[in-house]
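Q: Can you make the complete structure from the sequences, with help from the hints?
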Amino acid sequence: MSNAIHLRLASRAAFVALAVAGAYAKDAPPGSIDQSAIVLSASELRAAEEFEARVRDYRALREKVEATLPKLPKRATPEQVDANQRALGALIKNARAGAKRGEYLAPDMQALVKRILAAVLSGPDGKTIKASIMDENPGVPDLSVNDRYPDAIPLSTMPPQVLKALPKLEEELEYRFVGERLVLMDAHAHIIIDFTDDVLP
Amino acid sequence: MIPMHRRIVTAVVVALIVSGCRVGVPVTAGPAAVQAPQSPAEAAVPLPNKKGSLKFVVLGDFGTGGRGQYDLAAQMARFHEGFKFGVGILVGDNLYGAERPQDFKVKFEVPYKPLLDAGVKFNAALGNHDAREQRYYKLFNMNGELYYSFKAPNESVRFFMLDSTYPVPEQIDWLETELKGSNDAWKIAVFHHPLYSSGGRHGSDLKLREVLEPLFVQYNVSVVFTGHDHVYERIKPQQGIVHFVVGSGGQLALGDIDKSSALTAKGFDTEQTFLAVEISGDKMYFNAISKEGRVVDSGVIERRMPAGKTQ
Chain A
1 MSNAIHLRLA SRAAFVALAV AGAYAKDAPP GSIDQSAIVL SASELRAAEE FEARVRDYRA
61 LREKVEATLP KLPKRATPEQ VDANQRALGA LIKNARAGAK RGEYLAPDMQ ALVKRILAAV
121 LSGPDGKTIK ASIMDENPGV PDLSVNDRYP DAIPLSTMPP QVLKALPKLE EELEYRFVGE
181 RLVLMDAHAH IIIDFTDDVL P
Chain B
1 MIPMHRRIVT AVVVALIVSG CRVGVPVTAG PAAVQAPQSP AEAAVPLPNK KGSLKFVVLG
61 DFGTGGRGQY DLAAQMARFH EGFKFGVGIL VGDNLYGAER PQDFKVKFEV PYKPLLDAGV
121 KFNAALGNHD AREQRYYKLF NMNGELYYSF KAPNESVRFF MLDSTYPVPE QIDWLETELK
181 GSNDAWKIAV FHHPLYSSGG RHGSDLKLRE VLEPLFVQYN VSVVFTGHDH VYERIKPQQG
241 IVHFVVGSGG QLALGDIDKS SALTAKGFDT EQTFLAVEIS GDKMYFNAIS KEGRVVDSGV
301 IERRMPAGKT Q
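So the sequences go chain by chain: A and B. Here the numbering used here is used: the first residue of the first sequence is 1, the next is one more, and so on. Here the numbering used here is used: the first residue of the second sequence is 1, the next is one more, and so on.
Hints listed in this document are in silico derivations from the structure and should not be mistaken for laboratory results. All C-beta atoms, glycine included, are put in the ideal place defined by N, C-alpha and C. Check each hint, because a few of them may be wrong.
[Stated by the list, open to error] One side only, chain A facing chain B, incomplete, derived with CB under 7 Å: (1) R75; (2) A76; (3) P78; (4) V81; (5) Q85; (6) T128; (7) S132; (8) P154; (9) P160; (10) L163; (11) A187.
[To be verified] Each computed DSSO-like pair below joins lysine-lysine, with the alpha-carbon atoms no more than 27 Å apart: (12) B:K84 / B:K113; (13) B:K283 / B:K180; (14) B:K138 / B:K84; (15) A:K130 / A:K114; (16) B:K151 / B:K113; (17) A:K127 / B:K236; (18) A:K64 / A:K93; (19) A:K168 / A:K74; (20) B:K138 / A:K71; (21) B:K151 / A:K74; (22) B:K180 / B:K236; (23) B:K259 / A:K127; (24) A:K127 / A:K114; (25) A:K71 / B:K121; (26) B:K283 / B:K84; (27) B:K121 / A:K74; (28) A:K114 / A:K168; (29) B:K121 / B:K151; (30) B:K138 / A:K74; (31) B:K51 / B:K113; (32) A:K71 / B:K105; (33) B:K84 / B:K105; (34) B:K259 / A:K130; (35) B:K51 / B:K283; (36) A:K168 / A:K93; (37) A:K64 / A:K168; (38) A:K74 / B:K105; (39) B:K138 / B:K151; (40) A:K64 / A:K100.
A: Right under this line is the structure:
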């Protein structure tokens, strides 16, 4: 790696670190999270950028299939909401036929997520944050990519400190915990895009 | 004309019932004051039922489709006959379990039909049991937004409806901008997860409090309505803000309030309950009303004033 590239990556990593640390400084009492532990290394930064690129690709695909459906009004009947959601879910499943685990949350991204969550949860407030995540979060034995998010399972609460630490998502995609799994879901289509196991320390 | 001795008794009761609130103002009922049947053990502060005031109800954790929800909904309809509230504030967990079109009917449209028919407009926030698509449901008036604010139809009141299950940084930034830009006398925050609660099942959400409370304090939010714990609880004022947990609109966690909690100003965990509220000028009157029609809590709150201003 040339010195110039190394320097550029290092400065971008430092920028991300400052942005994240600055955000925490605004919201959390000093010392509640070890800010130095959530600094991204150059390789983690690359993993995050590649993940964000894959998420942008998903958004493009989603917009393409959604454009084939009648637009859902902002003040709809339950029948319209249900029909739109199920039709969109079917189109996404079809467009992603053969999708496999790890396509979005790839191994390097899984490692990043686990390390970030370990850092966030290892601080003095870690127990409180984990309790918030696990509140009404019993988990389910089986999940599959492209399946509908289980209707009977409440959505896990995502503490603001966790959302701030994880790479940003495109609109309509959300992170949720199901048990100790991190799920990437399409919130409107109600479809599981990807997931990874045992992310919580 | 209300006899003098009754006025004095009322004032004393107000001071006792709402001790801990920034209150203490004598309250007298107007000729059209409304009161549900009372608990024999505790006199209630009546809602003044003034012409031109803002009248609304708060309801949470209700969408079970079960008997408890239906009985409370019937009580709300009876109460509406004497107290014509025009707004219903929903603090989340609007539908439990499946959310097929028929579930919207059984868990919302049927039980609240008398109120919907009477023109009551509901505004919802989402809870952890609510699918995100509820934001498009026309009767929840969210207009496709997961978080939003709206101005009340009368009085200087703005509600800030938040999504506490997924508080992304963008939402927190939005909230700060909205609060900063609001000149409304009353700023009221509504969301699902309580910043303060003595409920044994969930309790206070400390990490959410860390992010939201500084904004509420800085920008003069006066009252916060939440749910999640399936009880009714009014919290002693925290940093000048009165928090309510109104999470027993259908669900009920019998006996779930921690009786040793220092947070509780008033708690009720033996029946489903809704909260009826009236804002008139700088005062907010409230009655918590149980499924059986008893007023289980009542009082008056004065709005917070911007720093440097006094009433």
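Q: The structure should be examined with respect to each hint, and the outcome stated for every one.
A: Results of checking the hints against the structure:
1. The closest approach between the C-beta of A:R75 and any C-beta of chain B is roughly 4 Å, which is under the 7 Å cut-off, so the hint is satisfied.
2. A least Cβ separation of about 5 Å between A:A76 and chain B falls short of the 7 Å threshold, and the interface hint therefore holds.
3. Below 7 Å, beta-carbon pairs count as interface contacts, and A:P78 has one with chain B at about 4 Å; its hint therefore holds.
4. Taken as an interface hint, A:V81 checks out: its beta carbon lies about 5 Å from the nearest beta carbon of chain B, inside 7 Å.
5. For A:Q85, the interface hint holds, since its Cβ comes within 7 Å of a Cβ in chain B; the closest pair sits about 5 Å apart.
6. For the restraint placing A:T128 at the interface with chain B, the shortest Cβ-Cβ distance is roughly 5 Å, inside the 7 Å limit, so the hint holds.
7. With its C-beta approaching chain B no nearer than about 6 Å, A:S132 sits inside the 7 Å limit, and its interface hint holds.
8. Because the closest C-beta pair between A:P154 and chain B is about 5 Å apart, less than 7 Å, the hint holds.
9. Using the Cβ-Cβ criterion of 7 Å, the hint placing A:P160 at the interface with chain B is satisfied: the shortest such distance is roughly 4 Å.
10. Against a cut-off of 7 Å between C-beta atoms, the interface hint on A:L163 holds, since the closest Cβ of chain B lies about 5 Å away.
11. Proximity of A:A187 to chain B holds as hinted, the smallest CB-CB distance being about 4 Å (cut-off 7 Å).
12. Pair hint B:K84 plus B:K113 holds up; C-alpha atoms about 15 Å apart against a cutoff of 27 Å.
13. Between the alpha carbons of B:K283 and B:K180 the distance comes to roughly 22 Å, so the proposed pair stays at or under 27 Å and holds.
14. Our distance criterion of 27 Å between C-alpha atoms is met by B:K138 and B:K84, whose separation comes to about 22 Å.
15. Proximity of A:K130 to A:K114 is assessed by CA-CA distance (about 13 Å); at most 27 Å being required, the pair is judged to hold.
16. The straight-line distance between the Cα atoms of B:K151 and B:K113 is roughly 24 Å, inside the 27 Å bound, and the hint therefore holds.
17. Of the supplied pair hints, the one linking A:K127 and B:K236 holds, its CA atoms being roughly 26 Å apart against a limit of 27 Å.
18. For the hint pairing A:K64 with A:K93, the CA-to-CA distance comes to about 13 Å; that is within 27 Å, so the pair holds.
19. Between A:K168 and A:K74, the direct Cα distance comes to roughly 25 Å. Compliance with the 27 Å bound is thereby established for this hinted pair.
20. Of the supplied pair hints, the one linking B:K138 and A:K71 holds, its CA atoms being roughly 15 Å apart against a limit of 27 Å.
21. In summary, the hint linking B:K151 to A:K74 is supported, as the alpha carbons are separated by about 19 Å, within the 27 Å threshold.
22. At most 27 Å may separate the alpha-carbon atoms for a hinted pair to count; B:K180 and B:K236 meet this at roughly 25 Å.
23. For the hint pairing B:K259 with A:K127, the CA-to-CA distance comes to about 24 Å; that is within 27 Å, so the pair holds.
24. Our distance criterion of 27 Å between C-alpha atoms is met by A:K127 and A:K114, whose separation comes to about 16 Å.
25. Taking the CA atoms of A:K71 and B:K121, the gap is about 25 Å. The hint holds against a cut of 27 Å.
26. Annotation: proposed proximity of B:K283 to B:K84 holds, straight-line Cα distance about 18 Å (limit 27 Å).
27. For the hint pairing B:K121 with A:K74, the CA-to-CA distance comes to about 16 Å; that is within 27 Å, so the pair holds.
28. As the CA atoms of A:K114 and A:K168 are separated by approximately 16 Å, the hinted pair is consistent with the 27 Å bound.
29. Of the pairs offered as hints, the one joining B:K121 and B:K151 holds, with about 13 Å between alpha carbons and a cut-off of 27 Å not exceeded.
30. A distance of roughly 7 Å separates the Cα atoms of B:K138 and A:K74; the hinted pair therefore holds under the 27 Å criterion.
31. Distance check on the hinted pair: B:K51 and B:K113 sit about 25 Å apart at the alpha-carbon level, within 27 Å; holds.
32. At roughly 23 Å between alpha-carbon atoms, A:K71 and B:K105 fall within 27 Å of each other, so this suggested pair holds.
33. This hinted pair checks out: B:K84 and B:K105 have alpha carbons roughly 23 Å apart, not beyond 27 Å.
34. Taken as a hint, the B:K259 and A:K130 pair is honoured in the structure, with Cα atoms around 26 Å apart against an allowance of 27 Å.
35. Pair hint B:K51 plus B:K283 holds up; C-alpha atoms about 14 Å apart against a cutoff of 27 Å.
36. Our distance criterion of 27 Å between C-alpha atoms is met by A:K168 and A:K93, whose separation comes to about 23 Å.
37. Proposed proximity of A:K64 and A:K168 is supported: the alpha carbons are some 22 Å apart, at most 27 Å.
38. The suggested pairing of A:K74 with B:K105 holds, with an alpha-carbon distance near 19 Å, which does not exceed 27 Å.
39. Under the criterion of a C-alpha separation no larger than 27 Å, the hint pairing B:K138 with B:K151 is consistent with the structure, at around 18 Å.
40. With a C-alpha separation of about 21 Å, the suggested pair A:K64 and A:K100 falls inside the 27 Å cut-off, and the hint holds.
In the structure shown, no violation is registered for any of the earlier numbered hints.
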